[in-house]
Amino acid sequence: MMAAFAPGLVAFGACLAILPLLRREHTLARIMMTGMSFVLLLHYFVWRVTQTLPPLGLTADAVVGYPFVAAEAASMIAVCLSLLFLSRTIDRSPEVNAILRRSRAPTDAPLVDVFICTYNEEKAILERTIIGATGLNYPNYRVWVLDDGRRLWLRRLAQELGCNYLTRPDNRHAKAGNINHGLHHVSALPDRPEFISILDADFVPMPDFLTRAISLMQDGTVGVVQTPQHFINPDPIQTNLAATDVWPDEQRFFFDILMPAKDAWGTAFCCGTSSLIRFSGLMQIGGFPTDSVTEDYLVTLRLKERGLRTVYLNERLTIGLAPEGLKEYITQRGRWCLGFMQIFRGRSGPFSRQSRLAFMDRLSLVDAFMSWAAVYGTKVFGLVVPWLFLLFGIKAVHADLFELLTYFLPFYVWHAFTMAWISRGRSLAIMTDVSQYIAAPAVLKAVVTGLVKPQGHKFKVTAKGGDRNLRFIEWPLLRLYGGALLITLVGIAYAFILHPRGDSIAYGGLALAWSLYNCVVLAIVCFICIEQPRRRKAERFERDEPILVHEGAEPRLVRMADISISGARFIDPAPPAIGALIKCNVYGQSVTATVVRRTRDGFGVRFEDAVATRINVVRAFYAGEYVRAFHGVRAAPVGKALLMRLFG
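Counting in my numbering, the sequence shown runs from -16 upward without gaps.
Worth flagging that the hints you see were computed from the coordinates, not collected in a lab. Careful, some of the hints might be misleading.
To be verified - Pairwise CB distance ranges (calculated):
| id | residue 1 | residue 2 | range |
| --- | --- | --- | --- |
| 1 | L499 | I1 | 28 to 38 Å |
| 2 | R84 | C502 | 52 to 62 Å |
| 3 | K428 | G40 | 26 to 36 Å |
| 4 | A56 | P173 | 56 to 66 Å |
| 5 | E177 | L499 | 38 to 48 Å |
| 6 | A557 | N123 | 42 to 52 Å |
| 7 | H167 | N123 | 33 to 43 Å |
| 8 | E528 | N80 | 26 to 36 Å |
| 9 | L499 | S573 | 34 to 44 Å |
| 10 | T42 | D228 | 44 to 54 Å |
| 11 | H167 | D584 | 18 to 28 Å |
| 12 | L41 | L(-1) | 47 to 57 Å |
| 13 | K428 | I554 | 45 to 55 Å |
| 14 | G18 | L531 | 50 to 60 Å |
Note that CB positions come from ideal geometry on N, CA and C, so glycine has one too.
Model the full assembly from the supplied sequences, consistent with the hints where possible.
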C-alpha cells in the first residue's frame, strides 16, 4: 500500500525543495515546472492506454471504456496546451512607466472616443460609469453613451453629466451593431478619433486608464490594448459559499495569470470592455465583426490578419460588476462558449483556409476550443463512470486504486504545486472542478449548438443590478446536481453495503475514492445553487481610519468603520441625532452628509444627493484601493469557509 504513495511523496518533496528557489517570472523556471508536469502526465497516459483499457469487443466495459479514454485524451491535450502557454509570461507595466517618463507634450495627445455600451442597465450603475469616464486624467477625449435601450432619462443624465448620447432605430447585431453605429457616427465628424475605448455599462474607469493604456499605442503594430476586469462586488460563488474574504472571484486566474501568458506568446485577445482600439484598424476591417456573439475576441483575429496585434496591460484600471446571481453567471459563460464556437466554425477559425492567422494564433484557438469542449465534456464522464461500476459492475478502467495512485498521483501533486506556484495561489483543484460543474450544462449546450448551427443566435445580456435581497434557489441546477449527488450516494451504499462484490473490491476502492471526491464537489455545487441575499445595493468596504467630522462649529475626530458610494458608518461614543447634518472629510474632501441611523457604537450617514457631491464621491471612491486584492490564497482558510458553509 505505501509503495503506491511513494512516487507521489517524492513529487511532493521535490516541489517543496525546488519551488522556494525559483522565480515565477523567469521563463526557464516556468518551463522546468510545466515541462515536468507534461512528462508525468505522459507517463500516466502511456500506462492508462497500455494497461487499463478493457478488451476490445461489444461488451459494456468496452462501450464505456473507450469513449472515456478518448475524452480523457482530449482533456489531457487541453492540459498540455495550457501548460505550453503558461510556460511564459510578460509584464508590460515597466514598459508603460518608461514610455510615460519620456512621453510627448499633452497638446499632442491623440483624440480618443470612449464608448459606453448600454442596453437595460439601471441608472445607479450607468451614473457611476459616466462619472468615472468623464473624470479621466487625459487631455483629449470624448465620452459617448451608446444607448440601445433608447431611454429618455439616460439622454437627460448624459446631458447633466456632460457627455454625448447616441441611439439607433433598432438593435440589430446587439452590442457589435451598437458599437458600429457609434463608429459610423464619429467617422463622419470633422475631428475623427485616433483610438476608440470600449466600456461596458458597469465598468468605471480609474483616472489613469487612458493615459497608461494609450502609451502602448506608440508602437504602430499594436491594434488593441486590453486591460483586466476587476470587480467591486463578489461573484455568486464567493457570495453563496460565504468565502468573499478568502477566495478570489472566478476571473482572477484568467486575467491575472492566463492573459499575461497569452501575451508573452503574442496571442492575447480583446475582451471587449476596458480596452483601447486603433480606429484606423477598425475601419480597415469594417468595424466590429457581427458573425459571433463574442465580437471582442473576433476583432483581435481580424486585426491580426491586417498585421495589428493585441497586447495586455495587467493593471487595475477599470472596476466593474461581476455577475450578481448564478443565473447571470451561467448565461455569461454560455454566451462566451457559444461565441467561441461561432469563431471556431467561421472564416477566422484555426483550420480555416481563408484565415491569414499565424501558427501560434491558430494553436491558441485550438487551446480555447479544447478548454471548452474537451474539459467540460470529460466532467460528465467523471460523474457517470463511477456510477456504472457501483450500480452495474461496468469497469471502464481495468485498474485498482493503488495502481492508479502509483501513476496518477505524481502528476497530480506536481501539477497542483505548479499551478499554485504559477497562479500565486489562485488555483485550487477542487474549486476549479466546482466552477466547471456549475457552468457545464450551459457550456456543453453551447458547444453542441455552436458547432451544429453557428449562426442565428441572439446576444444574451448579463443582467446587472436589481433586487438581490431575498434568498433564491436555482432549482434547475440544484435538481441536476442534487440528483447526481443522490445517485452517487446510492451507488456507494449499493456496492459496499447492499451488494458488495468481493472479486472486484480492489477496483471498488478506486470507484469509492472517486465517488467520495465527487460527493464533496457536488455538495459544494448544491450549496452554491442556494443564492444568499445581498442586503446592500452599494458595496461597502471595511475601514479603520480617523475622520474629521464637523457638526455645527465643533470639529472632532471619529473613526470610520465602513464606507460605500452612498454613505459611511462611524464609531463615535457621542453620536449626533438622527437627521443631523454634518460635514465629514472623506475621499480627501469635505462632504455633506445626513445622519440616518444610530448604532451600538456610533452612527451611519448618507452622503448629500447633489450632483456635484455624487460626482466627487464616485470619482474619489473608484480611485481608491477598495477592491479586495488576492496576492495568494491559502487552502486552510478556504477549507474552513467551505466547512462552515456546508455544516454551519
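For each hint, the structure was consulted:
1. L499 to I1: 28 to 38 Å: With Cβ atoms ~31 Å apart, the hint holds.
2. R84 to C502: 52 to 62 Å: holds (56 Å)
3. K428 to G40: 26 to 36 Å: holds (33 Å)
4. A56 to P173: 56 to 66 Å: holds (59 Å)
5. E177 to L499: 38 to 48 Å: Distance hint for E177, L499 is violated at roughly 59 Å.
6. A557 to N123: 42 to 52 Å: holds (51 Å)
7. H167 to N123: 33 to 43 Å: Given range 33 to 43 Å: violated, Cβ gap about 22 Å.
8. E528 to N80: 26 to 36 Å: holds (29 Å)
9. L499 to S573: 34 to 44 Å: violated (60 Å)
10. T42 to D228: 44 to 54 Å: holds (52 Å)
11. H167 to D584: 18 to 28 Å: violated (57 Å)
12. L41 to L(-1): 47 to 57 Å: At 49 Å between Cβs, range holds.
13. K428 to I554: 45 to 55 Å: holds (51 Å)
14. G18 to L531: 50 to 60 Å: holds (58 Å)
Violated hints, in rising order: 5, 7, 9 and 11; the structure is consistent with all others.
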